[in-house]
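Visitor: Residue-level listing of the chains:
Number of protein chains: 2
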Amino acid sequence: MMRTATLKSISKATGFSVTTVSRALGGFDDVNDDTRRIILEEAQRQSYEPNLQARLLQGMRSQTIGLIIPAYGPRFSDPFFSQFVAGVGNQAAIAGFDLLLSTHAPTPDELDTYRRMVAGRRVDGLILSRTRLHDARIEYLAQTTMPFVVFGRTQTPADYVYIDVDGYQGQAELTEHFISLGHQRIAYITPPQYLTFSYFRMQGFQDAMARHGLSIPTDYVVEGDLTESSGYAAASTLLQLENPPTVIMTGNDLMALGVISYALNRGLRVGDELAVGGFDDIPPAEHVHPGLTTMHQPIYQIGQHLTQALLDLIEKKPSDQRGILMPPKLIVRGSSGEVRPNKRG
Amino acid sequence: MMRTATLKSISKATGFSVTTVSRALGGFDDVNDDTRRIILEEAQRQSYEPNLQARLLQGMRSQTIGLIIPAYGPRFSDPFFSQFVAGVGNQAAIAGFDLLLSTHAPTPDELDTYRRMVAGRRVDGLILSRTRLHDARIEYLAQTTMPFVVFGRTQTPADYVYIDVDGYQGQAELTEHFISLGHQRIAYITPPQYLTFSYFRMQGFQDAMARHGLSIPTDYVVEGDLTESSGYAAASTLLQLENPPTVIMTGNDLMALGVISYALNRGLRVGDELAVGGFDDIPPAEHVHPGLTTMHQPIYQIGQHLTQALLDLIEKKPSDQRGILMPPKLIVRGSSGEVRPNKRG
DNA sequence: CACAGTATCCGAAACGTTTCGGAATTGTCT
DNA sequence: AGACAATTCCGAAACGTTTCGGATACTGTG
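Chains C and G, in that order, give the protein sequences.
With positions in the first sequence counted from 1, the corresponding number in the working numbering is that position plus 6.
With positions in the second sequence counted from 1, the corresponding number in the working numbering is that position plus 6.
Since the hints were derived computationally from the structure, they do not count as laboratory data.
Certain hints may be false.
All copies of an identical chain are treated as equivalent in the list; a pair is satisfied when it fits inside any one copy or across any two copies.
Claimed, not checked - In the SDA-like style, the derived pairs of lysine to any residue whose C-alpha atoms are separated by at most 25 Å in a straight line are:
#1 K14 - N57
#2 K14 - A125
#3 K18 - V37
#4 K322 - I100
#5 K322 - L63
Please construct the entire structure, taking both the sequences and the accompanying hints into account.
Guide: Shown next, in the form of structure tokens:
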């Protein structure tokens, strides 16, 4: 059981003051070369490592960025977040930063988790994801000196760096893809309405339908919570309607997988009897049968970019970049089915 | 820009000493109920959050566990680690612990990263993975008071908690699976030999072959580095031999995916002209075409269990459990092919 | 009324680091 | 010789918290 080395222990061993030891190790130029050599040797001998807590107490950097995953229940297994974490973590690692991961449900006391990170000075910066139309986290952080970047937009007026994918345009494009295949009865499983991306995508869906003179029955829109099982449940509701849809689009791929799984259980031929469209393009979307037609979001790259932007912010590198809006890309797979004869909807 | 609240600021506002404020908030019973109420209200008003660094400096818990991923280059994207991180992260989240992620290549100065975590008191415990036969990290941590648990065994004699999957038995079982299908020319792409699991699996492979009177040509064993591209490269070497193997087994699924990808590029029918076997059973193994025969390891669950064991260790809950050895499970998929007529090998 | 016992509070030290301001020594220039 | 600058070092304060060892005042008891 070794005594942990401190500045004091080195000071005692070498006869120099704690201040001098600190400055020698810190690379300051007001210490004699011989002195520095002696101190460095002793530090080496004791295998000294500075105490990070004490350093931070002085207001120094923690070389750590924080990522709080907002979800009901632990959600590290969600491929969406896996990819996002991978992008963030890898980029942080390159810069020598560690990654502090935490989860919290989007409940009122969620802010406490953020406060803990900020006031506790545990991290040098934060990455937010899954923004809400009205986002208290952003309001809070904007009042703070803590640097942060955001995946997604919000209607909260505040000045911050974000990257988002154009959900309006994306959902409209996907909708028109199905319309062009001859579909008219298109249903949509939407994520909770308070989420920003949910709002934009709904708009895109509605406008695209309207542009083509198609109506959306009210019971064709069902809310899910982004999990596979909620997609399964919603599909069950939709497909037992008197006049069921021929297409089900969902707010994310995970729910689409649930839809496919329900359809297969019901013995429906996906692509043929029921077309399905997702959003995200997570890896399983490619491998499921039939393949899932979806809008591709470069989640991993967004994680990387956001992290780099955050690191720049932490380093106070000047940049006038505030928001980036990326277009998603339509990926057509088997779940789209073939062009169908234009029979009455 | 708000002033951050501290014990001192609350002390100043209420007129009570810092000590009393600390004890009131800490829930000690030597403070008057009225006093406590006043202090709590003021703390609320200032939205006080304790400074974690200062607390840690007193030797308290950081409510954080550390996970250092040993890999060349950032490797968060590796499905193996994704799953492991998910298991660890979710279990930690349930207990209210955060997760500190870091990566480091298994180079000599890798230990510095561990020292930083330990001496800097950044975490309350550490999770190690991908053990080596002779593992300096374990030697180091054993000298320390830092609690730690390990995914994998080692030959280093030390007393520690670990979970491992029986690679000897697993590789032997997989080998015999292919032998039972009529194969005799079986090649193996091994991970770097200094890794413990690599060692055990090689033994399992060799013993199984010996039991059935089959020999392993020296050029049938190639070393890979666990990445998909190294599997691709190794497959290229193996399949260009004068007398190529009819089966390629690999040290992990990622390399097996590389093998399949090479085989498909060469126009070989996987399963038919070349059988492939992996190890791990990561999600893509199920979705690739043809499906990958592999030994299933419950990586996610291992992450959960290890984390719980670590948390118990941190809480100093008594336990006599030291090591668990789990059997992997054979998963047969399309890459095995059919039983083949017993033509000369 | 003296005493112990209890309830309530607080000063000061400690954790390990950084940094401000200055002190001591030596050398350099008129 | 005196003034001045450069070099090298250090004491003390600060960061925000916890905790030890009392201090004070109030209660009830005999």
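Visitor: Now tell me, hint by hint, if it's right for this structure.
Guide: Now for the hints, and whether the structure bears them out:
For the homomeric pair K14 and N57, the shortest alpha-carbon distances inside one copy (12 Å) and between copies (24 Å) are both at most 25 Å. For the identical chains of this complex, K14 and A125 are inter-copy neighbours only, at 14 Å across copies versus 28 Å inside a copy, given an alpha-carbon limit of 25 Å. For the homomeric pair K18 and V37, the shortest alpha-carbon distance inside one copy (17 Å) is at most 25 Å, but the shortest distance between copies (41 Å) is not. Taking the shortest Cα distances, K322 and I100 sit within 25 Å of each other inside one copy (18 Å), while across copies they are farther apart (36 Å).
Proximity of K322 and L63 under a CA criterion of 25 Å is satisfied intra-copy only: 21 Å inside one chain copy versus 28 Å between copies.
Checked against the numbered hints above, the structure violates none of them.
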